[in-house]
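Enquirer: Sequence:
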Amino acid sequence: MAPHLLKGALLLLLAEACFAGIGAVVKFTSETASEAQVVFFRNFFALLLMLPFLYKHGFKMLKTQRWYLHASRALTGITGMYCFFYVLARLPLAQGMLVLLLSPFVVPIIARFWLKERPSRLTLFAILLGFVGVVLALPTPDAALNAVLLVALGSAVLVAITKTTIRYMSDTEPAVRIVFYFSLLTAILSAIPLPFYWQPLNQDVWLAFIAMGILAAIGQLAMTRAYAIAPASDIGMWTYSSVVFAGAFGYLIWQEPVTMSWAAGVLVIFYAGYITTRQRLI
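Residue numbers (the numbering used here): 37 to 318.
Worth flagging that the hints you see were computed from the coordinates, not collected in a lab. Small disclaimer: the values here were computed from a predicted structure and weren't measured. Note that beta-carbon positions come from the ideal geometry of N, C-alpha and C, so glycine has one too.
Below 30 Å or equal to it, Euclidean Cα-Cα: the simulated DSSO-like pairs (lysine-lysine) are:
hint	residue 1	residue 2
1	43	152
2	152	99
3	92	43
4	43	99
Okay, the calculated beta carbon distance ranges per label pair:
hint	residue 1	residue 2	range
5	307	89	34 to 40 Å
6	231	294	37 to 43 Å
7	40	145	20 to 26 Å
All chains, full assembly: derive it from the sequences and hints.
Expert: Here is the structure:
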């Protein structure tokens with residue numbers, strides 16, 4: 037048994053629960069706040085929650101020789117974030133979270149050529165099986181949603197690049213440093229368009245933004261630690277768990293229906309994640 041892989045999978049499950057919670061908050065605030073506000077405050081409150089770590093570890097925590105990787109991750113991350121929030125505002129929560137389910141198909145491909153991590157045949161089969169599950173879970177094709185789905189695809193690729201970058205830099209960069217730089221750089225970048233898209237916000241939205249920051253900080257720390265202790269190509273499939281959490285949130289908060297095809301797709305996706313992880317636990 038490989039304890040590091042099991043721990044990585046559990047941390048990734050925690051991260052995906054937090055990210056599904058962020059998705060619910062984004063959908064809740066999208067009716068009142070602009071996308072620029074949502075992206076900025078998601079990063080700003082996450083940065084505030086990281087400041088105690090800076091106080092604890094001191095400025096030595098910021099010392100790095102790989103600033104270019106932190107900058108690259110911030111650029112791909114914030115671009116993917118804008119795309120993802122755009123999709124969430126226009127689709128039911130469970131279907132919108134399917135955007136993130138596309139990224140594990142891309143992670144092993146990027147990891148193969150960049151990190152030289154060769155996926156096994158069983159992992160490749162699981163990737164194919166996961167794709168079948170996503171097709172089952174997606175809604176009936178609608179020409180009006182073509183543009184939204186295209187943005188979703190772009191977001192999935194950017195998320196995959198971001199996750200693989202974490203794996204690449206984790207040999208020298210601790211999780212706290214990676215998350216702190218990501219929060220700092222994305223907060224700065226997302227502040228640039230904020231004055232041009234400012235809208236008045238009520239108290240409920242402010243509370244939702246604070247909750248989003250907390251979930252973002254916890255999710256980023258858990259995800260970064262997960263990919264630091266386990267190969268991206270082996271645990272990436274557990275990213276699929278986010279759609280289950282999103283389905284529960286969508287049903288409980290907005291009474292969004294859970295269809296049989298969606299449930300069947302989720303079961304196939306989870307089985308794909310199970311077989312790709314179990315091969316390393318035996």
